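Participant: Sequence:
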Amino acid sequence: MGYLSWSLKSLYLYTQNKRSQTMTKVVYIIIALAFCVIYTLSQDPVCVGRPDNWTVEIGCWGFKFCNSSKLVDIVNCTINGTVLDRDSKQCLAPRTGHTECGKDQPCLGKIDGYYADLSDNCISYYVCAGEVSLGRLYCAAHLVFSEKSASCDWISNVVPPCGTFQGTPSP
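Position 47 of the sequence shown, counted from 1, bears residue number 47 in the numbering used here, the numbering being contiguous throughout.
Treat the hints as calculated values from the structure; they're not laboratory data.
If you're wondering where the values come from, they're calculated on a predicted model, not measured in any experiment.
Built from N, CA and C at the ideal position, the CB exists for glycine as well.
Keep in mind that a hint or two might mislead.
As the list claims (entries may be wrong) - With a straight-line Cα cutoff of 20 Å, these simulated SDA-like cross-link-like pairs (lysine to any residue) come out:
| no. | residue 1 | residue 2 |
| --- | --- | --- |
| 1 | K70 | D85 |
| 2 | K70 | N53 |
| 3 | K148 | V159 |
| 4 | K148 | C128 |
| 5 | K70 | G81 |
| 6 | K89 | I111 |
| 7 | K64 | S88 |
| 8 | K89 | K103 |
| 9 | K110 | A150 |
| 10 | K148 | K103 |
| 11 | K103 | L134 |
As the list claims (entries may be wrong) - For each label pair, taking beta carbons as the anchor points, the in silico distance ranges come out as:
| no. | residue 1 | residue 2 | range |
| --- | --- | --- | --- |
| 12 | P161 | I79 | 34 to 40 Å |
| 13 | E57 | L118 | 31 to 37 Å |
| 14 | T78 | S151 | 33 to 39 Å |
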């Protein structure tokens, strides 16, 4: 009986040890998954795979860029009544520097949508809703606004008057 008792006790301890090891592995897996979920949730989908300092959005209010796969709101000019100068990325008084910010956008009589500002060679555009301007946004450097796609693109891909594309547009 002593041998059987010792064998059962050894088997029990062995089983407990294996369970403990298994539980430890499960805990480590759960912790690793939690870190993955937290890391993934801390990333912004628009920034994943983008280099640091990649500009996501730029407008009269300021601009946002990516850093470590996170979206960062770096400059907010609306706090002190200034507007963003696109080229220097500095807050300036309205209608100074290279900015059309503070200029009235002609939304009266227009349907809701995005409109290129022809007066600044289409490097900015404004949003109209209910015949009211919702604000002005800039295209990134070297791009112009395409009303057809409602996005910024290379000048060679945009039809006149904003671009130089003369071919048949792709579907």
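Participant: Are the hints correct? Go through all of them and say.
Facilitator: Each hint, compared with the structure:
Distance hint between K70 and D85 is unfulfilled; the C-alpha atoms sit about 24 Å from each other, more than 20 Å. A C-alpha spacing of about 10 Å is found between K70 and N53, which places the hinted pair at or below 20 Å, so the restraint holds. Between K148 and V159 the CA atoms are separated by roughly 8 Å; this keeps the pair inside 20 Å, and the hint holds. Taking the CA atoms of K148 and C128, the gap is about 15 Å. The hint holds against a cut of 20 Å.
The hinted pair formed by K70 and G81 fails the criterion: a straight-line CA distance of about 27 Å is larger than 20 Å. Distance check on the hinted pair: K89 and I111 sit about 31 Å apart at the alpha-carbon level, beyond 20 Å; violated. A threshold of 20 Å between alpha carbons decides the hint, and for K64 with S88 the separation of about 14 Å falls inside it, so the pair holds. Distance hint between K89 and K103 is fulfilled; the C-alpha atoms sit about 18 Å from each other, no more than 20 Å.
For a cut-off of 20 Å, the pair hint linking K110 to A150 stands: about 15 Å separates their Cα positions. Restraint check for K148 and K103: not satisfied, since their Cα atoms lie roughly 23 Å apart, outside the 20 Å limit. Simply put, K103 and L134 have alpha-carbon atoms about 13 Å apart, close enough for the 20 Å limit, and the pair holds. With their beta carbons about 35 Å apart, P161 and I79 fall inside the hinted range of 34 to 40 Å.
In this structure the hint that E57 and L118 lie 31 to 37 Å apart at CB is violated, the actual value being about 22 Å. At roughly 24 Å, the beta carbons of T78 and S151 sit outside the given window of 33 to 39 Å.
Checked against the numbered hints given earlier, the structure breaks hints 1, 5, 6, 10, 13 and 14 and satisfies all the rest.
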